[in-house]
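Chemist: The hints should help you fit chain B onto chain V, whose structure is shown.
Residue numbers (this note's numbering), protein chains in the order written: chain V, 1475 to 1684; chain B, -18 to 362.
Watch out, some of these pointers could steer you wrong.
[What the hints assert, rightly or not] Chain V stretches covered by chain B per the calculated footprint, using a threshold of three residues with CB under 8 Å from any CB of chain B:
hint : segment
1    : 1544 to 1551
2    : 1554 to 1562
3    : 1624 to 1631
[Said to hold, decoys possible] Result set (DMTMM-like, lysine to aspartate or glutamate): computed pairs, CA atoms no more than 25 Å apart in a straight line:
hint : chain 1 : residue 1 : chain 2 : residue 2
4    : B       : Lys223    : V       : Glu1551
5    : B       : Lys61     : V       : Asp1563
6    : B       : Lys165    : V       : Glu1558
7    : B       : Lys322    : V       : Asp1578
8    : V       : Lys1644   : V       : Glu1582
9    : B       : Lys322    : V       : Asp1559
10   : B       : Lys61     : B       : Asp217
11   : B       : Lys322    : V       : Asp1563
12   : B       : Lys268    : B       : Glu186
13   : B       : Lys10     : V       : Glu1647
14   : V       : Lys1579   : B       : Glu312
15   : B       : Lys322    : V       : Asp1519
16   : B       : Lys61     : V       : Asp1559
17   : B       : Lys165    : V       : Asp1549
18   : B       : Lys322    : V       : Glu1583
19   : V       : Lys1683   : V       : Asp1519
20   : V       : Lys1644   : V       : Asp1625
21   : B       : Lys61     : B       : Asp354
22   : B       : Lys10     : V       : Glu1582
23   : V       : Lys1579   : B       : Asp319
To be clear, the hints were calculated from the coordinates, so they are not data collected in a lab.
Glycine included, every Cβ here is placed at the ideal spot set by N, Cα and C.
The lines below spell out each chain.
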Amino acid sequence: MSNALDHQPAGLRDDLALIAEWITPNARILDLGCGDGALLAYLQDTRNASGYGLDIDPDNVIACVRAGVNVLQLDVEAGLGQFEDNSFDFVIMSSALQEIRRPDKLIEEMLRIGRDSIVTFPNFGHWRPRLSLGLRGLMPISGTLPNRWYDTPNIHLCTVRDFEALCQDKQVEIVRRHVVNHARRSSTAIRTLPNLLGEVALYQLRQGKS
Amino acid sequence: MAISDTHSVGLVEPRTLHVAESMPLDCGKPLDRFDLVYETYGTLNADHSNAVLICHALSGNHHAAGYHSADDAKPGWWDKCIGPGKMIDTDRFFVVCPANLGSYAGSTGPESRHPDTGRHYGLDFPVVTVGDWVRSQNILREALEIDQWAAVIGGSLGGMQVMQWAIDYPDRLRHAIVIAAAPKLSAQNIAFNEIARQAIVTDPEFHGGRYYEHDVVPRRGLMLARMLGHITYLSDEAMRAKFGRDLRAGRVNFGFDVEFQVESYLRYQGASFVDRFDANTYLLMTKALDYFDPANTAGGDLATAFAPATARFLVVSFTSDWRFPPARAHEIVDALVDAGKEVSYAEVGSDLGHDDFLLTLPNYVNTLRAYLDRVVAEAGT
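Extracted from the complex, chain V is given alone in its bound form:
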């Protein structure tokens, strides 16, 4: 059995390891909400990548600097207008799309700035949240959605189907999709019923030809 985790570098968060698989060598990268810079540091070392991370948290900024990653302490929500069209190979936003005020506008911006964009998000269509809400009548809490309704940063949760509907509306080309369970593994079952069995969704997107 071969899967992405077999190649996971020590210390790199599972979902970041999955993203890293999709990055071509020598790529120029803009990582939105880059955290401690682990992904960029890994890509610099293994893929000869370059670019910048964006993060507003001062501790994350210090961690990035310590890791030798270019970091810009800027608020993604304040807009990305300063970045030129097609100025990066990949624009990445991992596990934060659901925290953004207007995910649709942000995706537009990512597609404008990057040749390719990569987004990951927790799939609200997974059977567990459905069960929690549908049968128990409670907002779901799980490993991928650990917060309660009142303290969650997630204001725009969506399902795999929701997301793909948005892509279709906006004529966004889905280059690749990878839907995994909580252990960041895929299976034939998940590939067959991603919206029901997948907990985390990864997408590689491109501006569709209009």
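Modeler: Chain B only, in chain V's frame:
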């Protein structure tokens, strides 16, 4: 006293570099023969790879850290950040800080005597630019046999010199640390400078800049200029916290003497400045600020101006700085990103204002420290 503090560089002595050759200036006139006064802290390593240049701001000088004598009431202007174990760690770096040309503090300036005439330069001292300063600092670099600065660091007007270094001498620095700066002054910034200059030149004791020969100083003008400056160095919030509307005598006197604590503070700052600073230098420094605009020679495009730079950049701004607010730092960062340069940017949450760059807010110090750790690691010092 603080001089015995293990985190102080202790007693330091300024040194002077006599430059015998003539140096071209941006104004077109050359400067024949000049002195640069500078201080150094820490030890230059065997391969000369651990040298850091500190560029001073408007009212600064070569005395960035330590004490000149055991009786000094105050250490150098950036002593909080330079010393053994401090943000700019003199156990690891050889730190060099010169006084800029036009200075009041020993480097050749308006108070110096012209080598040919023996008279004080006064306003005949050429209007020097940030580019001229960097050119002269590069002569100091050569004299110290430093092939390449590990980093050039400066705040405010000092940060402008850092940018100029990266553009003019790309091979001569590995890192450019630009703090609380702007890529050029705004009209509002220039307006403040102009009021400061007018306060000085309209002082009856100014004598067209030849006040040295009349044995007077334009005290009132320079004092007003400094008082004005101090307002721009502090945030509204900091002034509120520091002084509020506190009255010195506890009640209003219906008069025009000092009544509010903030008035007392400004008068004190202004008066003590007059005792150490030269009015002509103030005119020159504000002009250098006004003229600084590296984009100007690159068709108005800052990214194009940065094109030759090869240094890695760290840009830092402070949220309460209204003289050079974060938006001005964004201009620098955006241009560096557009030019494809290596850059990190920290926007430090602060209360005090522009002066925060001289102090030790934890997020500021820790960011610089983390960055300088990398500088050390890659140099193998």
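Chemist: Does each hint fit the structure? Answer for all of them.
Modeler: Quick rundown of the hints versus the structure:
1. 1544 to 1551: Three-residue rule met by the segment 1544 to 1551 of chain V, so holds; n is 5.
2. 1554 to 1562: holds (count 4)
3. 1624 to 1631: With 0 residues in contact (Cβ-Cβ under 8 Å with chain B), the coverage given for the segment 1624 to 1631 of chain V is violated.
4. B:Lys223 to V:Glu1551: Cα-Cα ~34 Å, so violated.
5. B:Lys61 to V:Asp1563: violated (43 Å)
6. B:Lys165 to V:Glu1558: holds (22 Å)
7. B:Lys322 to V:Asp1578: Given pair Lys322 (chain B), Asp1578 (chain V) is violated - Cα atoms ~30 Å apart, limit 25 Å.
8. V:Lys1644 to V:Glu1582: holds (9 Å)
9. B:Lys322 to V:Asp1559: Holds, at roughly 17 Å.
10. B:Lys61 to B:Asp217: holds (24 Å)
11. B:Lys322 to V:Asp1563: Within the cut-off at roughly 16 Å; holds.
12. B:Lys268 to B:Glu186: holds (21 Å)
13. B:Lys10 to V:Glu1647: violated (61 Å)
14. V:Lys1579 to B:Glu312: holds (24 Å)
15. B:Lys322 to V:Asp1519: holds (18 Å)
16. B:Lys61 to V:Asp1559: Violated. Lys61 (chain B) to Asp1559 (chain V) sits at ~43 Å, over the 25 Å cutoff.
17. B:Lys165 to V:Asp1549: With Cα atoms ~24 Å apart, Lys165 (chain B) and Asp1549 (chain V) stay inside 25 Å; holds.
18. B:Lys322 to V:Glu1583: Holds - the C-alpha atoms of Glu1583 (chain V) and Lys322 (chain B) are around 22 Å apart, at most 25 Å.
19. V:Lys1683 to V:Asp1519: Outside the cut-off at roughly 34 Å; violated.
20. V:Lys1644 to V:Asp1625: With a Cα-Cα distance of about 31 Å, the restraint between Lys1644 (chain V) and Asp1625 (chain V) is violated, given a limit of 25 Å.
21. B:Lys61 to B:Asp354: Cα-Cα ~18 Å, so holds.
22. B:Lys10 to V:Glu1582: Given pair Lys10 (chain B), Glu1582 (chain V) is violated - Cα atoms ~54 Å apart, limit 25 Å.
23. V:Lys1579 to B:Asp319: holds (22 Å)
Hint check: violations occur at hints 3, 4, 5, 7, 13, 16, 19, 20, 22; the rest are consistent with the structure.
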